[in-house]
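So the sequence shown is residues 1 to 153, counted in UniProt numbering.
Derived by calculation from the structure, the hints in this document are not laboratory data.
Treat the hints with care, as some may be off.
Said to hold, decoys possible - Below 27 angstroms or equal to it, Euclidean Cα-Cα: the simulated DSS-like pairs (lysine-lysine) are:
#: 1; residue 1: Lys36; residue 2: Lys103
#: 2; residue 1: Lys85; residue 2: Lys95
#: 3; residue 1: Lys57; residue 2: Lys122
Quick caveat: nothing in here was measured; it's all calculated off a predicted structure.
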Amino acid sequence: MEKNELAIQELIRALQAEKWGYEFYLGASQRAKDLKAKKIFLRLTQEEVDHQLALKKLLEKMGEDWDIEGLTPMAMPGTKLPSLKKIAQSRISDKEALEIGIKMEEAAINFYTELGRMVNDKEDKKFFKQLVDFEKEHLTSLQKSYSAIFDKS
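All chains should be modelled from the sequences, with the hints used to inform the complete structure.
Encoded structure:
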């Protein structure tokens, strides 16, 4: 992949967002009252780690080396979500956590689609398409869980 400063900045931003997602889903899994919600949050926690590692590899391919632990978690671009601290303090419900997750995954789909347009390398375009597909799976899982738990009409 060619060295594209904007792409590098956006990849770092993506890493921060995946880290935010990890911390959000981890907290949501610990607070969840519904077993289905707890299970999906735990699964998504692990998948956010996988995404962080994949993004880090892509950055390394571009000649960048970033310490994931040192990055500040930030919500996915395109979302207007409260800070992780505020979320933890407000003791959100399973329903609210699923709604936040849905917003996050929708924003991730848009963000990674845009990043895919920023890169020129075919392999890198494929990488972002796969990330978009993973985020779409996350979105579908969250929507199905939301419906199964809360749409009991």
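So, going through the hints one by one against the coordinates:
The straight-line distance between the Cα atoms of Lys36 and Lys103 is roughly 19 angstroms, inside the 27 angstroms bound, and the hint therefore holds. Simply put, Lys85 and Lys95 have alpha-carbon atoms about 18 angstroms apart, close enough for the 27 angstroms limit, and the pair holds. For the suggested pair Lys57 and Lys122, the alpha carbons sit about 16 angstroms apart, so the restraint of at most 27 angstroms is met.
Hint compliance for this structure: no hint is broken.
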